[in-house]
Every structure is written in C-alpha cells, then in structure tokens.
Amino acid sequence: GDSVTQMEGPVTLSEEAFLTINCTYTATGYPSLFWYVQYPGEGLQLLLKATKADDKGSNKGFEATYRKETTSFHLEKGSVQVSDSAVYFCALSNAGGTSYGKLTFGQGTILTVHP
Amino acid sequence: EAGVTQFPSHSVIEKGQTVTLRCDPISGHDNLYWYRRVMGKEIKFLLHFVKESKQDESGMPNNRFLAERTGGTYSTLKVQPAELEDSGVYFCASSQTKGQGPRYFGPGTRLTVL
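Chains as they are written, first to last, in this note's numbering: chain A, -13 to 101; chain B, 63 to 176.
Calculated directly from the structure, the hints in this document are not laboratory data.
Hints may be right or wrong, so weigh each one.
What the hints assert, rightly or not - No farther apart than 30 Å at their CA atoms in a straight line, the calculated lysine-lysine pairs in the DSSO-like style are these:
1. K106/B - K140/B
2. K140/B - K113/B
3. K63/A - K103/B
4. K103/B - K77/B
5. K103/B - K54/A
6. K42/A - K140/B
7. K54/A - K38/A
8. K54/A - K106/B
9. K38/A - K140/B
10. K103/B - K140/B
11. K103/B - K116/B
12. K63/A - K46/A
13. K116/B - K140/B
14. K106/B - K38/A
15. K140/B - K77/B
16. K46/A - K103/B
17. K38/A - K63/A
18. K42/A - K77/B
19. K42/A - K54/A
20. K77/B - K116/B
21. K77/B - K106/B
22. K63/A - K106/B
23. K116/B - K106/B
24. K63/A - K42/A
25. K38/A - K77/B
26. K38/A - K116/B
27. K46/A - K77/B
Extracted from the complex, chain A is given alone in its bound form:
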C-alpha cells in the first residue's frame, strides 16, 4: 500500500538557518503530495501542496518540489524563524482525483528553532 517516510526528528536549528526536512513516498499511480504544519496547541493546517510531477508548492517561505524520479517531496526554507517551531507532516493522497480526503501521513518531524 501507499506509505510516506519522513526524516527522524527532532530537528533543532538556530534562527536564520536553512531547513530541509526529507520526505519520500511509495505509491501507485500519480499521487498528490502535501505538507501540513501543526503549531503548539493547534490543529494541523495545510502548508503547501503539489499535484503533479515537477510542481513546486510554496507558502510562507517554505517550498517543496514533487520529484517523481526520486519519489520525494522535501520541505525547504532558506531562513527559519522561532515562529516556525512546530511539527511538520508530509502526506500523500492517491484517490485518483475524486477526493483528496484520504491522506496517508508520515510520522511527523518536530522542528525547534532557537533565537
């Protein structure tokens, strides 16, 4: 079945450092790929998404490119802030375009950014 593997956390960075959180997936067909973020005390919220190969999703300075050849969707940010401290989840949907509701998630990566 479908699966998503994220890099183990926690990740601890200093403010303004470069961030990469690796995500690879296994799926049949052509899934859509997502990154969700969960800030302390809140629910998950969609950060960015990409629906086909070579698409780049971006939001709030974060980017991820859908790489079909390496089955990856790594999350990057050039300069992190303390406010980026959160748990980041990579996910895919392989519902064939009828519904993106059934997501397969990775385990989540805790990011802590120090001033």
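Put chain B on the given structure of chain A with help from the hints.
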C-alpha cells in the same frame, strides 16, 4: 471565521465504556474527515463524510466505531465498547469541496482508555 472545533479535548475512560467524540466543521464545509493517531504511529484516515453521507469509511478499524453526521453539520464518533488500543488522538478536518482535501484540522481529542 471559526475553525474546526472538537469536544472534548481530553477523555479518560475505562476499558469497556462508551465514549462519544464531537466535531464541528468550519461553517459551510460539506466535507468532513476523521483521522486518528495512536501512540507512536502515523495519523491514519478513518472516514470521510460529504454532507450527511459517508463517502469513504474504509479506514474505520472495526464495528466498535460508529460515525454519524445527522443534518450534515456536526459529526460524532462513538466508540463502544472502548478497548486499550483505541487510545490516541482523534482529529477532525473539513473542506469546502472534495478537490481541496482537508485544509484545516481541529486540535484533536486525546482519548485514553485504561
């Protein structure tokens, strides 16, 4: 606009008891999803409502779980009888159209079965 809300935030029950979780989606969102995360595992899909109809319930673990969405507004998820392995965090999410997928999740209900 109010976000997705869930009640209660925490629930501690004995094995064999019944618990009902509630989710209020964002107003006007026809699509409502339930997910859960058991200890040490990934967040897993449970089911998807479109209005009051179950679009996909392939993730429901067994018949001890019953989800309803009468009137197409809020939803309840009942676990009866609860077992130890049901402990975890239950998330609800909603979206306006199926194509969007779940954009916002609620903060979750942490269920502990003793």
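Hint check:
no., hint, result
1, K106/B - K140/B, "holds, 17 Å"
2, K140/B - K113/B, "holds, 18 Å"
3, K63/A - K103/B, "holds, 26 Å"
4, K103/B - K77/B, "holds, 21 Å"
5, K103/B - K54/A, "holds, 26 Å"
6, K42/A - K140/B, "violated, 40 Å"
7, K54/A - K38/A, "holds, 8 Å"
8, K54/A - K106/B, "holds, 24 Å"
9, K38/A - K140/B, "violated, 37 Å"
10, K103/B - K140/B, "holds, 21 Å"
11, K103/B - K116/B, "holds, 25 Å"
12, K63/A - K46/A, "holds, 9 Å"
13, K116/B - K140/B, "holds, 15 Å"
14, K106/B - K38/A, "holds, 23 Å"
15, K140/B - K77/B, "holds, 14 Å"
16, K46/A - K103/B, "holds, 28 Å"
17, K38/A - K63/A, "holds, 21 Å"
18, K42/A - K77/B, "violated, 47 Å"
19, K42/A - K54/A, "holds, 12 Å"
20, K77/B - K116/B, "holds, 28 Å"
21, K77/B - K106/B, "holds, 22 Å"
22, K63/A - K106/B, "holds, 27 Å"
23, K116/B - K106/B, "holds, 17 Å"
24, K63/A - K42/A, "holds, 13 Å"
25, K38/A - K77/B, "violated, 45 Å"
26, K38/A - K116/B, "holds, 28 Å"
27, K46/A - K77/B, "violated, 44 Å"
Checked against the numbered hints listed earlier, the structure breaks hints 6, 9, 18, 25 and 27; every other hint is satisfied.
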